[in-house]
Every structure is written in C-alpha cells, then in structure tokens.
Amino acid sequence: MDAQTIQQLANQRRADAITMIHNANTGHTGGAMSSLDILSVLYYDVLRVRPEEPAWPDRDRFLLSKGHSVEGYLAILADRGFIPKEELRTFSQAGSRLIGHPNNSTPGVEVCTGALGHGLPVGVGMALAAKRTKKDYRTFVLMGDGEQAEGSVWEAAMAGANYHLDNLFAIIDRNGLQISGPTENVMALENFRDKWEAFGWDVCELDGNDPGALLHYFHTVPNEGKPHCLIAHTVKGKGLPYAENRKEWHHKVPTAEQCEEGCAALGVKGVDWA
Amino acid sequence: MKTEAVRMAFTRTLLELAQKDPTLFAVATDSRGSVTLTDFADALPNQFVECGIAEQDAIGISAGLANGGLRPFVCGPACFYSLRSAEQVKVDVGYSHMNVKIIGVSGGVSYGALGSTHHATQDIALLRATPGLQIFLPSDGPQMEALTRYLAQSDEPAYVRMGRGAVPTVYEGEAPFTPGKANCLRRGVNAAIIACGEMVYPSLQAAEILAGEGTEVSVYDMHTLRPLDEAAIVEAAQTGWVVTVEEHDVHGGLGGAVAEVLAQQKPTRMRILGLPDEKLYTGTSAEVFEHYGLTPQGIAQAVRQGR
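Chains A and B, in that order, give the protein sequences.
Numbered according to the working numbering, the first sequence terminates at residue 474, and the numbering increases by one at each position without gaps.
Numbered according to the working numbering, the second sequence terminates at residue 472, and the numbering increases by one at each position without gaps.
It cannot be assumed that every hint is accurate.
To be verified - Here's a subset of chain A near chain B, in silico, CB distances under 10 Å, partners left out: (1) Leu247; (2) Gly317; (3) Val468; (4) Gly470.
As the list claims (entries may be wrong) - BS3-like mimics (lysine-lysine), calculated; alpha carbons at most 27 Å apart, straight line: (5) A:Lys331 - B:Lys185; (6) B:Lys185 - A:Lys334; (7) B:Lys444 - B:Lys346; (8) A:Lys335 - A:Lys426; (9) A:Lys452 - A:Lys331; (10) A:Lys452 - A:Lys426; (11) A:Lys335 - B:Lys185.
Simulated from the structure, these hints should not be mistaken for lab results.
All residues carry an ideal CB built from backbone N, CA and C; glycine is no exception.
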C-alpha cells in the first residue's frame with residue numbers, strides 16, 4: 201500500500217480513537233496518536249494476517265506491549281475486520297472485551313498486555329517458536345519509550361540476540377514523554393541507540409510518524425542474524441494540535457469540541473460507527 | 166522403604182514423552198542442573214530453551230512458545246517462579262490462558278539452610294488467588310510420573326510444586342491420579358488428615374502411630390489445590406476433626422483452602438499445620454520440620470489434641 205493511503209487511514213483511525221476515548225471518558229490519547237502511523241503501516245501493509253482466521257498458525261505475530269495505547273490498535277483491528285466496527289462503541293463499557301489494555305478475548309490479540317515490560321519476552325518466545333518449528337512468520341513488538349525502564353525488556357533483549365532472532369522486531373514509540381514528563385528527566389534513556397546496539401541488535405532510527413519511511417524500512421531491512429530494533433521517533437498526541445508534545449495528554453480525554461477540532465485537523469469527516 | 170526425588174521422576178518422564186512429541190519443550194533459567202534437566206538438554210537440544218538467570222523472561226518466553234503451538238514446561242526453583250516472575254505468571258500465563266506448565270522445584274523449605282531467600286512457602290497462597298492456573302503438589306515420584314503424563318497432553322496452564330531431595334514413595338507401582346480428585350489413602354472415623362506434597366507420607370505414618378493407640382484416622386492426599394476436591398473435604402469433615410498438613414505458610418495454602426470450604430459448607434473443627442508466620446528457624450528441611458512439628462509424631466500429637 202502506498203504511503204499516502206496509509207497516512208489517510210492512520211488519520212481515520214486517529215478519529216476513531218479519540219471518539220472511543222471521548223465516549224468512554226477514559227483512555228490514553230497521547231500514545232494512541234503517536235503510535236498510529238506505526239500500527240497502520242504494520243496492519244495495512246507489513247503484517248501477514250488473516251482477519252477471517254485470526255488463529256492462522258502461519259500469521260505474523262504482533263504484540264502491543266505498550267498496551268495503554270489500545271484505542272488505535274482496536275480501531276485498526278475493527279477496520280481490518282477482526283472485530284465488528286460497531287463494537288468500538290462498547291470500548292471500556294461494562295462487560296466489554298474491548299477494554300483499556302489489549303485482552304486476548306478479542307480476535308487478533310495474541311496475549312493480554314499492558315503490564316509494561318511483558319511484550320518483548322513473549323515476542324522472543326514467539327520468534328523462537330518460529331525458528332524451532334521452521335516457520336517463516338515474523339514477530340513485531342511495539343513498546344513505549346517509558347517502558348524501557350522495565351528490567352524485563354533487557355532480559356529479553358539479551359535473549360533475542362542470544363538466539364539470533366532475525367525474525368523479531370522490537371519497535372519503540374520514541375515520543376519522548378511519559379506520564380511524569382520527558383523520559384530524559386524521569387529515567388534517562390540516552391544514548392538509547394547505543395544501548396540496543398550493545399545488546400546485539402540491528403538498530404535503525406527513523407521518523408515514526410512518516411509512513412513512507414516506515415514502509416521503506418520494513419521493505420528493505422536486511423536479515424543478518426540479528427534481531428531488529430526500530431527506534432521510531434514520534435510526536436506524542438500527533439495530529440491533534442492541542443495535544444501534540446503535551447504530557448498532560450498522556451491520558452487526558454478530549455471533549456466533543458476537541459474531537460471535532462481534531463477531526464478537522466486530521467482532514468477526517470468523523471467516524472462511521474459511533 | 167523406596168525413595169525417589171520427585172524432580173527426577175518428572176524429568177525422566179518428560180524426556181521419555183518429549184522424545185516422541187516434538188512439541189514438548191523444557192525451558193530453564195540456568196537451572197538444568199537443579200531440576201535434573203541436563204539429560205533432556207543433551208538429548209533434545211531443539212526442544213530445550215536456556216533463558217539464563219531471568220525468570221521473568223523465562224515465563225514470557227514460555228508464553229510465546231505456547232502461542233507458537235509448543236507445550237513448554239518452564240522449570241526452576243519454585244521461589245523464583247512464584248515470586249520474581251509473579252506478574253508474568255499472572256498476566257502472560259493465567260490471564261492470557263497460555264498453555265505453560267510452570268514446574269517449581271526445591272519448593273517449601275527444600276533448600277534448608279540456604280534460608281528464606283530460597284524457600285517457597287507462600288507460592289500456593291499467591292497462586293491460589295491468581296486465576297487461570299491449575300495447581301499441583303505431588304506427593305511422590307510415581308504420582309509425579311502420572312501427573313507429568315497428564316500435563317503433557319493437557320491444554321491448561323498449571324503450576325507444579327515439588328521438593329528437592331529423595332522422598333519415600335507413597336504409591337507402589339503406578340499411582341492413581343485424577344486431576345482435581347483427592348486420593349483417600351486410609352479411612353478412619355475419629356479424625357481426618359488432609360495433606361499435600363511431601364507431607365503426605367509423614368501423615369500416613371502419623372495415622373499408623375494413632376492406629377496403635379486405637380484412633381482411626383482418614384488420610385487424604387490433596388495433590389490438586391486447583392481445582393479443589395471440595396467433596397473430599399466435606400467427606401473428611403464427617404469425622405468431626407480435620408487436621409491439614411503442608412510445607413507452606415499457615416496462611417493461604419492447603420489449610421486455608423480447606424477452611425474456606427468447611428466454613429461455607431460444613432463448619433468443622435480443624436487445625437492447620439504448616440510453617441508459622443515468622444522468620445523461619447534455619448536448618449536442613451528435616452530439622453525445620455522437626456522444629457515445627459511437621460513430623461509423624463508432631464502430626465499425631467496435633468490429631469490427639471483435638472480429640
């Protein structure tokens with residue numbers, strides 16, 4: 201799929217996500233916005249999945265380790281046909297399977313995530329299972345940058361390199377902000393690239409809000425016996441003028457007016473399911 | 166008296182099964198020696214995964230392996246899997262319902278004088294309150310063999326806790342084992358002992374001592390803590406006096422489970438024998454048991470006190 205189409209789809213999913221958050225009066229706006237271009241490139245182009253057969257054994261695996269950015273993820277799963285679009289209305293409502301962190305009662309969701317630092321170890325297991333069973337599916341784990349303070353991330357980073365998992369992608373949504381403020385003030389990550397390289401990963405940095413750059417990366421990334429780390433530099437709150445780069449939008453809920461303003465800024469008419 | 170370390174019965178059986186089933190995997194955390202998995206690792210390297218000393222990672226990796234259609238048994242000291250990786254057990258295995266078998270060896274006070282850092286005396290309490298996992302405490306090698314055969318074909322996540330040293334066998338030959346169904350090893354009308362894990366054998370010895378005094382005691386091997394055999398507990402309570410025995414803190418383990426059932430279904434006088442709520446006495450596991458009365462004589466005395 202071309203970059204421009206993916207950009208439009210990503211913005212439509214942004215509109216879905218802020219509408220879900222507004223309706224539910226809860227959610228994580230900032231991270232959902234920053235990660236949606238990555239998610240869109242994966243789900244509209246890169247991932248080999250069958251929405252009509254979510255448990256297809258040869259599917260590529262995806263884990264939203266930064267599970268709080270669930271709204272954009274669910275909007276994409278609905279748009280790809282894993283779940284009915286109308287079900288997005290139930291987001292965070294009593295009894296819904298669509299809750300504030302990915303829940304594997306939802307078709308397409310592999311494991312329950314959201315407790316930070318869990319995704320990469322599970323992803324290592326998935327990638328290792330592919331190697332040991334001689335399957336060619338790939339595993340993609342999307343983490344937050346604040347999440348990188350969890351020690352279990354680095355346990356898995358060691359294991360990924362130890363087992364030469366070149367079928368594994370650790371993608372970091374490097375929006376630079378976590379709930380308390382800039383990552384560099386809360387727990388400094390830099391020099392972040394050096395850390396991943398020192399752990400034995402093949403590292404690339406790019407603009408994670410640029411579908412063209414993301415597509416180019418996933419279509420050209422070499423396989424040289426190392427697991428892949430993609431540091432995707434993004435803008436927290438991307439696309440919403442009132443939320444961009446503002447930490448309070450980590451989990452602030454947009455008003456109806458802000459939803460309208462957001463849709464206008466995104467060039468989207470609204471949503472077709474609410 | 167025949168003795169065998171339960172962990173060796175486990176690894177012997179797992180290796181036998183894995184040689185025929187390439188989906189059976191063993192995952193270790195620098196624990197292949199302590200679990201006795203070295204033969205497995207040497208014989209089936211493609212079915213063995215070493216994670217290094219990283220229990221959180223090992224549980225997550227095992228969940229990922231299970232997602233790929235494999236049947237991992239993640240094996241290491243019970244203390245680390247139940248506590249260090251408690252959140253991975255809760256989320257990646259229990260909540261996500263991934264087919265991972267967590268094999269905790271050297272549980273209870275098996276590590277003896279290595280002390281409380283290495284003891285697992287709260288694992289059952291923690292995991293009983295963690296939905297999604299079956300929980301087993303095998304009483305001897307033959308039962309572990311039967312349990313391993315069950316686990317190898319089960320799709321349910323499970324936690325198994327066993328000890329370290331050789332223990333007397335409770336069962337001759339093939340052990341009767343149905344998950345969730347306690348084994349009544351002896352029937353008596355004066356009292357009932359409900360025990361689990363490696364406390365079953367001394368409980369039988371206690372019943373023998375009491376029989377010599379004219380007190381007839383039922384003895385139940387409650388090898389499965391989840392799903393719990395509530396009917397067997399209510400049946401045991403017909404004697405009017407129930408003593409539970411476990412190598413675990415007195416809070417939240419077998420005794421707690423039995424008390425929950427009896428308080429709600431058949432209020433009955435009972436006594437919970439286990440490890441007290443204190444910084445534990447140090448010594449070999451036998452010395453710790455002696456200190457706290459987890460011995461045939463100590464158990465018999467507890468039964469006498471309530472009669």
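Holds or violated: are the alpha carbons of lysine 185 of chain B and lysine 334 of chain A at most 27 Å from each other? The given pair, whose Cα atoms are some 18 Å apart, holds under the 27 Å limit.
Satisfaction of hint between lysine 185 of chain B and lysine 331 of chain A, Cα-Cα up to 27 Å: 20 Å, holds
Keeping to a limit of 27 Å between CA atoms, is the pair of lysine 444 of chain B and lysine 346 of chain B held or broken? Violated, at roughly 34 Å.
For lysine 335 of chain A and lysine 185 of chain B, compute the direct alpha-carbon distance and say whether it is at most 27 Å. 21 Å, holds
Given the hint that lysine 335 of chain A pairs with lysine 426 of chain A, test it: the Cα-Cα distance must not exceed 27 Å. 17 Å, holds
Could you check if glycine 470 of chain A really has its C-beta closer than 10 Å to a C-beta on chain B? Nearest chain B Cβ about 35 Å off; hint violated.
Is the straight-line distance between the alpha-carbon of lysine 452 of chain A and that of lysine 331 of chain A 27 Å or less? Violated, at roughly 42 Å.
Within 27 Å, alpha carbon to alpha carbon, are lysine 452 of chain A and lysine 426 of chain A? Violated. Lysine 452 of chain A to lysine 426 of chain A sits at ~39 Å, over the 27 Å cutoff.
Supplied contact hint for leucine 247 of chain A, tested at 10 Å Cβ to chain B: 15 Å, violated
Chain B contact restraint on valine 468 of chain A - CB to CB distance below 10 Å: 34 Å, violated
Interface hint outcome for glycine 317 of chain A [beta carbon to chain B under 10 Å]: 8 Å, holds
The earlier numbered hints that this structure contradicts are 1, 3, 4, 7, 9 and 10.
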